[in-house]
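S.K.: Spelled out, the chains give:
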Amino acid sequence: MSYLDSKIPPLREHRHPETSLAHGSEYGGRRSRGECPVMSRADRSFTQGSICPLLPALGIMTSLPDTVVLLHGSVGCGTCAAGNNVNVRAGRAQRGGAPSDAVWVSTSLGEMNVINGGDAKLREAIVEADRRYSPKVILAVSGCLPGVIGDDIDAAAEAVKGQVRARILPVHCEGFKSRFMATAYDVIYHAVGRGLMPAPESAPPRDPRAVNVMNVGSMGLADERELSRILESVGLKANFFPVFSDPDSFPRAASAALSVSVCPTHDDYFLGHLEEKYGVPRVIRHMPIGIGNTSSWLADVGEALGLGAEARAAAAREEEALREALSGYLPLFAGKRAFISAGEYRSLATASLLKELGFKVCGIRSFHFDSFAETELGKLSGDGEAFVFNVANVQPFEEANLLRRLRPDLFLGHMHGNSTASRLGIPCQVIYNTGYGYLGYRGAWDLARRLARKLSRPGLYRRLGRFGRLPYRESWYSQEPFSRIRAGEGEA
Amino acid sequence: MKRPFVERPRWSCALGGALSAAGNIPRTVPVLHAGPGCAGNFAWTASGSSALQVTGQCLALSVPSSNLQESEVVFGGLDRLREEILESFEIMDGDLYFVLTGCLPEVIGDDAAQLAEELSTRERPVLHASTPGFLGDSYLGYGEVLRALAEKGVRRRRTRKDLANVWGVPPGLDPFWRGNLEGIRELLGLLGLEANVIFGPGAGADAVRKAGAAAVNVIVSGLYGTQAAGAFKALHGIPFVEAPLPYGAAASERFLKIVGRAFRLSSSKVRRAVEAAGRAHYAALEPLIDVLTDMETQRHAAIIGDANHAPALAAFVQEELGWSPELTVIVNGLEEEGKQALRAHWARTGTPAPENLVYASDASAILEAARAVWADSDRPYRDPKRPAFVAGSSLDRALAAELGAAHLSVSYPVSNRAILTRGYTGFSGGLALAEDLVSACIAGR
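Chains as they are written, first to last, in the numbering used here: chain W, 1 to 492; chain R, 1001 to 1445.
These aren't lab readings, by the way, just hints derived from the structure by calculation.
Think of the CB as a built atom: it goes at the ideal place given N, C-alpha and C, for glycine as much as any other residue.
Hints are not guaranteed to be accurate.
Listed below are several chain R residues computed to face chain W (Cβ distance under 8 Å; list not exhaustive) [to be verified]:
(1) Gly1037
(2) Gly1040
(3) Ser1049
(4) Asn1067
(5) Glu1087
(6) Ile1091
(7) Leu1096
(8) Leu1235
(9) Pro1239
(10) Ile1258
(11) Asp1294
(12) Glu1296
(13) Leu1395
The following block holds chain R by itself, in its conformation from the complex (with noise of 0.2 Å):
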């Protein structure tokens, strides 16, 4: 049944995605063409959401915006638009000008693209993405920059044949995506390749410019950015390969094969990368081997989070530390085409397919699936899926506070943790996942 609304959104609209993304583009100065409080909404959604990151070089209310009146949604926002932009070069220091129009521009048909187009030079590049909110979700919006790259902002360059651009990762939307960005590096790192990660402070000033020169798109996402990878494709033949979202060991021993294989890397060099690796994490992990077993630390779990985390989180805890996933529910509302992908992808990396699996957003729904799962599993004789942990974002400890089960915020929205460099990708991304899921079993200690 479709339902008539959707409760308390885990995420925004395409323009806060596009926003989030081309706001951490470095030295890029996004310009809304939207109302006046859009910049707002996004920087008071971001701190109750994004891991208490609002602030960023460019976002929250540093944003240039056209904060379209009356008047404009009347007679047009161009004229508007256009003094914005200029202004904008003025004022504020970038290289690269980003245009991205919201709901209102869109529906009065101000042609935005073509004005971007105008005031576009080269040395002075200005791209547009159209990212009305009744277009689609911030994910679309982080697709749509992505897209707009593509076709408008990179060139094609002579290829690096060590060179990959790294996609699937939404900033903010992510909000360990510094440190999920930063472990790919690391796992390119130890077969000899390097990330051009694109967003980020890790990303470097010449980011957009060198994009045009990898040699292979590696895109960690079975939904996120594949379009646009397609796009890249058909503009500079750049081609792309789907890889896991590698959050701990087993992931990542996916992730260097499948890249190893798109990089055409020996098989034995990528063997010999996969094993020092995992010698080295086990290492690192011995210190906590006594207490993984005499604290009993398996868990049933349910696990929430996006397409991209949900199904790393759950292969990570099956895989990892042997918990056991009871539920793991995908919040995006997808349609049966986007299910489908995923379990191709999911197919094609080798990820294991989440075993009892709800699409759901609603906090309420959400409960209903785990109620199932949890239903009478106190009576004498039965197994009780107990203890268990709930994996999820902010919104879902009022389910673990109903199923007396540990919590930790690891998806969209996080409001109860700071983060800047954490990630859960990489070998070592995997030891900072099992450091906070079994921080958490231990709270009370």
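So here's chain W without its partners, still in its complex pose (with noise of 0.2 Å):
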């Protein structure tokens, strides 16, 4: 039985168990080369806040055009969406449309919703937003109060099917029930596939040329231009889901003659899906970002395509180009030292890109860490050069106390994630953030320009290093940076 035949997708904790949130240790040194340093289910005595998987989902859930985004639950489960809609606006007006709002509503749910069930509130819900706003898509979506209380928004859903218009998408986000954002991914893909995608024999017929590519949330449309790009190098058009997709182009997934992963960790379940179920095969291996990177992910796409040769013709003619439009930056960034944080596979691929640049990479924090990122962080061992890695979901304490003792020349973080190395001095680069070029070759040149320019204009990091203030006693700075990260039960 496939995963998809069931109502509420798999945890990450189940799908892969080996998945972790803690670890802390230098990696890639003679030593300890080879190793795959992860402990499962370690965790930590103390936590900061962090995000969970409706954060990520509703990323997603709120690019897409004509559907409205109901969360069910408490008033604020889910505001973090008028984060999102700055997204949305500069995503639709770079589309060609006007910038207009995302829809997300909330059933607000009250004192007596919790002790008398919300359900009957998301019936008249989903019914009154089927009638305000004539959407193609309602997703319904769980925040944790629900969970806590018994809703059941599957029976929910199929309750009003009959009255409303909209398809309704039940997704299953209860905050607490997952460690790991990246359960996000899932919950996604499995209402996709249950709700949008069509019976194989019904399927369109097949493209040979097309190419299934997921846009990562974090993808702008500068990312979607050069992997589109790419792919027409070798004659091949990119099918981009599910960022921005309208929810009735979803069944042409299954029409496309491979699907090519941009992130496995964020990519695996639905290529795995539309692998078993339409028959398109998928390449889960390598994120396109960086230089090295980028040409395996082309071959990879060609060797599977019977290609192969196309493909490689043509990342030799990108890398050349593109070693010599980058040798002017080359100078300045080699021997700096930078620090890199972010999701699991952004992380270690942009430190494979680092590399290329010439800059020696110190640290490492990936907010999760599972097998798929055993090839990826392999790849950085090569050298023999140590770099400390640690899994973080965020958790800026021990950021703080990392980044003080190793004092880097530049840090590279997640949207939301550069404050502390900031308040410390320490040059910033954003590496997710919609709208900005990362992948492919010419996200490549294009993250070596902004490199440049942070480096060479470092201000205002100066200053907030000479005057900024962390929240943390000095005494902290003093104790070992992994000294919060306990082993799981069972494990030594």
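Starting from two chains that each stand alone, build the complex the way the hints lay out.
M.R.: Spelled out as structure tokens, the structure:
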């Protein structure tokens, strides 16, 4: 039986029990080479606030046109859609539309709903959302509260199905149920797979030139254009899903010749489903961040579709042009020490790119770690240069301690993850913010260009470093940075 | 009719309001007892709502949080919370620790209040506020933080006759909160009084201690902080006075007179202060006086904001700029009791009651109300109520586009302005508001 046959998607902790949130060690040096250093159930005795699966899921959901995101929970649950909306407006404008607001609404459960249940309110809300907005899709999303009080969003959706024109997709985002925000991706693709995909017999005819590319929430139009360009260089065309995709367009995913992953930990659930159910083969290995990575990514696509020679030739052409363009920046980058903090794959792939640009990578923090990333981590141990490898669902206190010890010349962090390093006076470059180029050859160039700008004009960070403050006791910095990590039950 | 949902909520939950309040008290460390995503949710909410103010000293993803998981939801989360608080003492630098409980622990019945009390010492107080999202919105959370301060955080000290605690400006929910508090400080200074604002960088490290020495609590709201003011009075004998949120010169005058009476200052002293400030204010406005007339900057305005901002803005555009507030929308979902409290507040403070007042928060409902005002207005020999202006939130840009109106984001959520010190209270705040509104009218110049 497929996962998709069940109403409720599996949790990452069940599907990938090796997934870890807490780890810290030196990695990549001669002694530790080749070991995968991760304890799966380790956690922390002190934790700072983080994010739950609802948050990345909302980034995807709010971008869908003609869709109402119906948040079932307390009124605060998902108000971060206001932040996502900034991306939605920009993304719609870039794609040629007007910068219009996403539609999100909240059932705003109150005390009486906690006592009596919120199912009735959800049913009414679905009907009213359909009446008021006439959307193609209503995403009925459960936050923590329905999960504790025992509401059944699937039953509510089923009960009112006949009264509405929109398709209703239940989305399970009870934040306390999974420790891993990566569960968000599975939750979304579970809903898409069950609600927006056709029966195999009514799938559109195979398109031998089409390649499915899952656009992770952080990819802006610049990244999409670059991956399109790369695929077109060997005569292929990209089908981008799911961010900003029309709900009616998803069946096209079943007709592609191939699916290629941009971020394995993000994509594997849905690409597996496309292969199992519609016979679309998949390639899940490299993230196209970095020069070598992009060429490997393209080569994999080429091999899978019998275009291996063309892909290798195209990659060689691209690499030559790019390396020539980059040569002017290399003296500025040579030997500078960089520290990276971001999502699992992104942090590791970006480290590969930085090494290609001549930086020394002194530390990497990944928001989680699972078996997908072993290959990517392995790529970083080849040169015998050690770096600190830290797995943390953000946890800036650990980062502050590490940064005070390592004193890197440059910090690259996820959006909303650069303030700790900034206040320590380290020049910071955001490496996950929709709209900027990061992927492919052009992305490598664009990041290098921005890094040069950052490093040659560090004024803001110099001033912040002199006067900025962090909220930690001075005594914390004399303790071991990973002293709050403890082994999980049954682990040494 | 009770609507089954709130469209694009213009507030977050009680926990969110409590976090931006507690997290902005100097030297205070909030400790969330909540699900793992609440902190991130509030950070991203702020980035799209609070005029780009996301980080803060102990906010965003720096805030300690028990990050409850399924096992705690099943077996109880108090052990995890105890560990989190004890570790916070070790790692987070602060003088006051503020435990805030969200939905999960409140449903499963964790007694965080008792634990906070057990771990609290005189040197290192631990307070607790119960702020699950299902109990209410961010305004409630702000009020609960104030109430916890009143009940457990503040000790009565010898009264300083010139000291006023200032409440009613919820951090974050009022994107202009820092500047607005500073504008109020400036006004109190005109009367020789000192403001203790409790929140924000201007509050000073001893703000909570000082709160027990105030002679009067000044609440610049008819709703926010009024309950806590009652608790303050009952527990510490500190009386409170409701004053208007003083946007601009006319409201500042009302504010000064009300506060002067509450502090029993001689009316001639207050009158002199008002006269001097008024003369200086209109002298400062002089360079724009030509344009205000020549460019016909009078506008027909739709004013949209919370129960604090909307009436203050409506009064300002009318009294200070001679605009016509055709429609005022208060976005809070108030029951009749709350609406009555507001009307009483306007009457008590001399604030002009908004003329065409609607209570609505859904953009689609606001659009409906606006269409009723501006319907058919372009037919010949009708009063078209143009040029129109929308002073509201960033979510009201679609309305402005439909009306062909200029727009300025002046109430939550604000996603398209970066605000640090700007505020609209006091005489100088009134000048800033005039600058911003007129600038929005001539953006294409």
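S.K.: Work down the list of hints and note, for each, if the structure agrees.
M.R.: Verification of the hints:
For glycine 1037/R, the interface hint holds, the least distance from its beta-carbon to any beta-carbon of chain W being 3 Å, beneath 8 Å. For glycine 1040/R, the shortest C-beta to C-beta distance to chain W is roughly 3 Å, which falls under 8 Å, so the interface hint holds. Hint on serine 1049/R holds. Least Cβ distance to chain W is approximately 5 Å, under the 8 Å limit. For asparagine 1067/R, the interface hint holds, since its Cβ comes within 8 Å of a Cβ in chain W; the closest pair sits about 5 Å apart.
Taking 8 Å as the C-beta contact cut-off toward chain W, the hint placing glutamate 1087/R at the interface holds, the least distance being around 4 Å. A cut of 8 Å between beta carbons decides the hint on isoleucine 1091/R: the least distance to chain W is about 5 Å, and the hint holds. With 8 Å as the threshold, the beta carbon of leucine 1096/R stays out of range of chain W, its nearest partner Cβ sitting at about 13 Å, so the hint is violated. At a threshold of 8 Å, the smallest CB-CB gap from leucine 1235/R to chain W is about 26 Å, leaving the interface hint violated.
Nearest Cβ of chain W to the Cβ of proline 1239/R: about 32 Å, over the 8 Å cut. The hint is violated. Taken as an interface hint, isoleucine 1258/R does not check out: its beta carbon lies about 33 Å from the nearest beta carbon of chain W, beyond 8 Å. About 33 Å separates the beta-carbon of aspartate 1294/R from the nearest beta-carbon of chain W, more than 8 Å, and the hint is not met. The interface hint given for glutamate 1296/R is broken, as the beta carbon of that residue sits about 29 Å from the closest beta carbon of chain W, more than 8 Å.
Interface hint status for leucine 1395/R: upheld, as the beta-carbon distance to the closest one in chain W is roughly 6 Å, under 8 Å.
When the structure is compared with the earlier hints, violations turn up for hints 7, 8, 9, 10, 11 and 12 and for no others.
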